[in-house]
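Colleague: Protein sequence lines, in the order shown, are assigned to chains V, E and L.
Using my numbering, the first residue of the first sequence is number 48, and each one after it goes up by one.
Using my numbering, the first residue of the second sequence is number 143, and each one after it goes up by one.
Using my numbering, the first residue of the third sequence is number 143, and each one after it goes up by one.
For the record, the hints were derived by calculation from the structure and aren't laboratory data.
All clues given are correct.
Calculated pairs, SDA-like style, for lysine to any residue (alpha carbon to alpha carbon, straight line, at most 25 Å):
1) Lys351/L - Val417/E
2) Lys201/V - Asp328/E
3) Lys201/V - Gly230/V
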Amino acid sequence: MLELRSIHAGYGTFPALFDVSLEVRHGEAVGVIGPNGAGKTTLMRVISGLIRPTSGSLAMEGADLLATPAHRIVELGIAHVPESRRLFPRMTVEDNLRMGGFMPAARPKFARRVELVYELFPRLRERRRQLAGTLSGGEQQMCAIGRALMSDPKLLLLDEPSAGLAPVIVEQVFDLVKRIRAGGLNVLIVEQNVQQVLRVVDRAYLLKAGRIRAAGTSAELLQSEAIREAYLGV
Amino acid sequence: MAILDFYLLEALINGVLLGGVLALLSLGLNLVFGVIDVVWICYAELIMLGMYAMYFLYTVYHVPIGIAAVICIVTVGVLGVLLHLLVIAPLLGAAPINQLLATGGVLFFLQSAATVLFGIEFKNLGLRLPVLKVSEMFISYARLLAFAAALIGMVLVYLLLTRTYTGTAIRAIAQDRQIMTLMGVDSRRIYVITSALGGGLAGLASCLLVLQYDVHPFVGLSFGPITFLICVLGGLGNFVGGFVAAFVFAEIIALGGLYLDLEWGYVFAFVFFIVMMFARPEGLMSRRS
Amino acid sequence: MTRPLGWIAGVGLVALPFVYTAAYPLHILIIILIWSFAYTSWSMMGRFGLVSLGHGGFMGVGAYVTALLWNHQGVTPWIGIPVALLAAALLAVLVAYPCFRFRITGHYFALVTLALSGIVLQVITATRDQTGGSLGYTPERYQGASALYALQFGTKTTWYLIALAIWGAGIYVWHRVDRSMMRYALEAISEDEDGAAAAGVHVTAEKLKITVLSAMMTALAGALYCQYQMFISPDTVSGIAISLQMVFAVVVGGLYVSLGPTVGAAITILLAEVLRISFGTRAVGWDNLVYGVLLVLFIVFLPKGILGSLLDLRRPRRGRPALHA
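If we strip away everything but chain V, and leave its shape as in the complex, we get (with noise of 0.2 Å):
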């Protein structure tokens, strides 16, 4: 579904990723792990197009994502949950969603999708009408994947879920991951927390210092040193 092939990417003079290639097939949930600094947000970028690869190839569904408008990369499908979840502070809950389906193949599923959103996330249907900026963190980050939602993906890129929000509500989080990736989502997920998202994930990858050190399915992963390697620099 998702392909990437020996992306390379970077900020101005500043080199970020190398030879980057992975792949999301139907059906699958797949996370990329590594350590801070490891390239994992830039990688997000690249596949919504918020930057652009130097060089490489990506594709959606055998579409070249690179020929794609940056704009028009959420009609392939693609919905990206940025780090620190970006609401829009002044926003209602509810605003905020209706920004998550702005596009218009989404416009006439709104009224559907808003439904399907409050169903998964109750809190946010009670609190429809507060101000995004006054939410807590575990509501901003629901609220945030249910604004992803919104445009009806076919594959949801979350990036950090649980930076910053307390290990119970990330625990829930993920719990919610779990359900939407049973409802038939494909799931592309970046994180720190290893734990959480192997139990989440079918594969992963190990990203570090912007290239892949290894791959393989999570129970693999978890054994493998390379993890303990790439973490803790042993």
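The hints should help you fit chains E and L onto chain V, whose structure is shown.
Modeller: Below, chains E and L alone, put in the same frame as chain V:
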């Protein structure tokens, strides 16, 4: 004593009426700044052109005033888009001083173009709108109309911003520009729409102002600086702040003009502004960083 | 800069009016010198990112205070001018202090200063009984013996030398600031105010100092203009157009170079004269029209100005010196 009370009340009411139009002006400026992060220094000059358009449409070509107004609003809206595409868009990544200077250049250009094309004489619509007499006070019908139209305009903008997808995107882009593409929003299109909206509001304001004031190439100098002060005091990009500040300034101008020449009203407004900066800098702190 | 060349040019400039006495070109030179001085004063703030769109206000204050004191109170410009400078300084502090204290910068600062020049113009117009309003104002011709007392000289040569001296002083001040600690402090402030403050720089004080200096110099230019032309009006010495003209000229000539504003003044004034001569009386508005278009084009294509861009071509990319220099 009683007569003075009436003059005072009349001035207060005129202040409110003026405030409506100033609020409209500041809304346009705030919209553009909030969304595109650029100040159109030549905003008052766009209004000046709108006023000339009304003059020519109505007085010279005898177009019915309602139609003239619509044409005027659309025209200045288009001017706003042109301004954005030709001057602002190429400079979106440049230092703010360059953006300011570029619109300053346009200010020069528009003032001079008007001088060359239309001459420096004052031109008037020649419309004599009735003056209402309410007990001892004289309220100009033109002012009332302007106030009503300004309010309607602002309500329409409010509805646009809250009830439509485009309007919601405009509000969103002012809060977080970078992630807009994730939701399928083409930022450039939003900028163009906002520029059209800013221009349209200027066009509406020019229709209202031309009912009360003569037009000449430098008429923008009469309310440009005030609009800037209003927006700064209310917080650039802060719609509610600008709205409130507009009425406060309008009252000061009206009251200042009550006892002295009109220009003193502006001077008082500026002094008030300086005092406010000392006294309540938070009013200015509500800017976007 | 090549020293001997500079000296030769300097001597040449001083000797000029004695060799070449045609009145009109001398007049143009004097105008260019006075405005160059004004523009240089502005650039001393502008180069540090303190973009003021209100210097027309200071110039107006300089011109009108001097003229008013002379006409109404008989005060000699030798006293009148310092008073005018003081007034400009006061105005600068009044407006700039709250801006700097409360970290009002960039767009906000530019707009506040823009409004300032607009308001000065309004005040001049409002006090039309004293100032003549938009019709302009004329300092009275001094009938007495000493031209020096009234600072009114008949001969262009004298004025040329005075203007040249003041202009030279302006360039000198520019260079003194360029070599001073204040320059580094202000550059640090313009890059990162918080960082500079953390490093011990008195941000508000430094910004105020350069603003007051710039305002006073600009006011001096206004006073000089008044004494030379013997006629001032709100549009010619104050207001938004003047403020913008200043910025335009400096941008054209080059913001970070000492002679940039002078080059800009020469270009813009000569341009205006050429237009005036070719179009005759129909030129009203054409020069500003061309300014406007040129300003926009310059900003888009040559943000460093003519002189700045030329100098960049001559030597390897220098840019503004970094803090660690």
